[in-house]
Every structure is written in C-alpha cells, then in structure tokens.
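Asker: Letter by letter, the chains look like this.
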Amino acid sequence: MNFEEAIKKSIKSFMSGKLPEKLREVQEQDFYYTPEYFDLLEEDLDEDSEPSAAKKKEDMPDEV
Amino acid sequence: MKFEQPIPGENFTSDTRNMPWHRPPDINEYDDAIGYFIGKLEEPEQQELTFAMLGIEAQITTIVSAVLLQGIRVGKVSIDLAILIAGPLARFIEIQAMGVGMKYDMGIDASDRVMITPTILRAALGVVTDTPVESPELEEETPEEATPEMMQGLMSMPSPQAGAVASTDEQQAMLGGMEEPAEEEV
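Listed in order, the protein sequences are those of chains D and C. Each residue of the first sequence is one higher than the one before, starting from 1 at the first, in this note's numbering. Each residue of the second sequence is one higher than the one before, starting from 1001 at the first, in this note's numbering.
Keep in mind that the hints were calculated from the coordinates and are not lab data. Wrong hints could be hidden among the right ones.
Here's a subset of chain C near chain D, in silico, CB distances under 7 Å, partners left out [claimed, not checked]:
#1 1031
#2 1061
#3 1083
#4 1084
#5 1087
#6 1088
#7 1090
#8 1091
#9 1095
#10 1108
Under the rule of at most 16 Å between Cα atoms (straight-line distance), these lysine to aspartate or glutamate pairs were calculated in the EDC-like manner [as the list claims (entries may be wrong)]:
#11 12/D with 1105/C
#12 22/D with 1094/C
#13 9/D with 1080/C
#14 12/D with 1094/C
Label pairs and their in silico Cβ distance ranges [as the list claims (entries may be wrong)]:
#15 1023/C with 1/D: 24 to 30 Å
#16 1073/C with 47/D: 35 to 41 Å
#17 2/D with 1174/C: 51 to 57 Å
#18 1013/C with 46/D: 52 to 58 Å
#19 44/D with 1018/C: 41 to 47 Å
#20 1123/C with 16/D: 33 to 39 Å
Because the structure is a prediction, the values reported are computed rather than measured. Backbone N, C-alpha and C fix where the C-beta goes; we use that ideal spot for every residue, glycine too.
All chains, full assembly: derive it from the sequences and hints.
Answerer: Structure representation (structure tokens):
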C-alpha cells in the first residue's frame, strides 16, 4: 500500500464515521474534530448562506 | 515481488541530519494537527489553489495528499499522523467546496463494496424459499489429467515413445565417434 492508497482508506474510514480509537485511548481524551463537528460546521455554513441571500434582497433599493 | 521500493538500509547511505522528516515532528497531537492544516486550508492563497484544483476536476484525495505531503516534507507531522488526519481534512475541503457551490469528486472508489447477489437480497428482504433458485452456473474448470510425459522431471530420461530420443547415429555424431568418410585417392 502506498501513501495515496493509505490516504484514500483513511478518508473512507472517516466518512463512514470511524475514528482512530486506539489513538484516543493513548491520548486519554476525546477528539475535538469528529464527524459530528464537521456536520455542525456544514449546517452552520448552510444557515449563514441563507440569511445572507435574504439580506441581500432586503438591501436592494426599491424599484422606482 | 515489488521492485519500486527502497532497498533495506538505503536510508543509511545518505546524510539525513538535515531532513525534517527524520527529526521528531513539530505536531504530535491529532486535534492540533487538524487545526494546523485547517488553518492552512483557510488561507486565501491555499483556498485559491484548492478551488483551482477542484476546477480542473482534481479529486479531493489528491488535494489532501498534496497538502499532507507538504506538511510531512517540512517536518510538521509524521507520516502516520498525516494518514490519520486525512479524513477530517477531506471533509473540510468538501464543506469548503459546497460553500462556494463547486462540483467535487472525493476520489473514493467503491471497489470493496459487497456485491448484491440473489441470496443476499433474499436474506435482506426476509424471503425464505424451500426450492433453490437456479443461478447461472459457471463453467467449472477441470484440471487436465496428468500424462506420464507431464509427470517426468526436468532431468529425467525422456521416454522413447515421445520421440525425443535421438537415433544411434545421431548420438554417435554428437559424441564425436562418427567415422569420417574415407578420402578419395588421387
């Protein structure tokens, strides 16, 4: 297995919700950057993008 | 056998004192490493590069590999930790791409997925049948029967029936015992 293949395998594993459990045991603390964190980040991004679009409409000058 | 790899001990043939990846890495912690690379990915120059690469239909795995190799090259993280943090970085790039509405390809193939067969489908649906469902049979390969010729070793004497034995005259010629024809008298 080369580096590229290892990266693909790691990404696939993370996308399926798996975390490096052995590393967590060694560090004896929970990870901050979990799949849930990125899900929340994605949600925040969606929420931020929607109001900004609405705000742009409000800011537009009324047609004369 | 693989030939595209270093010879064992090849690393001792060069001076490694100035190579960052042979010294302890700057970052050892999982979260610290992800934080560092997310910070790098958020830099305007790196973002431009990321979006440009996505624009030429580069896969996210390729971008992650490039970013991580750069980090390994300068001695920021070890190779092992770089592999471990690839997933979160790929997810972050995915979110960045979604944020700007760019098309992206993760580059993860589904080659190791489970093949859907009639048996698996029946089991998933809870269908139980007494009669076995006929499935297209594959042609079974029957091994050829071993002939006495095939059973011979490399150095064993060939059987005369095989026709591989030279005639007596030919053998004499090979051994140099052939009588030369008498010279004609002048």
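Asker: With reference to the structure, classify each hint as holding or not holding.
Answerer: Evaluated hints:
The beta carbon of residue 1031/C comes within 5 Å of a beta carbon in chain D, closer than 7 Å, and the hint placing it at the interface holds. Nearest Cβ of chain D to the Cβ of residue 1061/C: about 5 Å, under the 7 Å cut. The hint holds. A least Cβ separation of about 5 Å between residue 1083/C and chain D falls short of the 7 Å threshold, and the interface hint therefore holds. Taking 7 Å as the C-beta contact cut-off toward chain D, the hint placing residue 1084/C at the interface holds, the least distance being around 5 Å.
Interface restraint check: residue 1087/C against chain D, minimum CB-CB distance 2 Å, threshold 7 Å, status holds. The beta carbon of residue 1088/C is positioned within 7 Å of a beta carbon in chain D (closest approach about 5 Å), and the interface hint is therefore held. The interface hint given for residue 1090/C holds, since its Cβ lies 4 Å from the closest Cβ of chain D, which is under the 7 Å cut-off. Residue-level restraint check for residue 1091/C holds (minimum Cβ-Cβ distance to chain D is 5 Å; threshold 7 Å).
At a threshold of 7 Å, the smallest CB-CB gap from residue 1095/C to chain D is about 5 Å, leaving the interface hint in force. Evaluation of the residue 1108/C hint against chain D yields a held restraint, the C-beta minimum of about 5 Å falling below 7 Å. For the suggested pair residue 12/D and residue 1105/C, the alpha carbons sit about 13 Å apart, so the restraint of at most 16 Å is met. At most 16 Å may separate the alpha-carbon atoms for a hinted pair to count; residue 22/D and residue 1094/C exceed this at roughly 26 Å.
Under the criterion of a C-alpha separation no larger than 16 Å, the hint pairing residue 9/D with residue 1080/C is consistent with the structure, at around 13 Å. The suggested pairing of residue 12/D with residue 1094/C holds, with an alpha-carbon distance near 13 Å, which does not exceed 16 Å. Between residue 1023/C and residue 1/D the C-beta distance comes to about 25 Å, which sits within the given range of 24 to 30 Å. For the pair residue 1073/C and residue 47/D, the beta carbons lie near 38 Å from each other, so the given range of 35 to 41 Å is met.
Our hint of 51 to 57 Å for residue 2/D and residue 1174/C holds, since their Cβ atoms are close to 54 Å apart. Checked against the given bound of 52 to 58 Å, the beta carbons of residue 1013/C and residue 46/D, roughly 54 Å apart, stay inside it. Distance hint for residue 44/D and residue 1018/C: a CB-CB separation of about 43 Å, consistent with the stated range 41 to 47 Å. Taking the beta carbon of each, residue 1123/C and residue 16/D are about 22 Å apart, not inside 33 to 39 Å as hinted.
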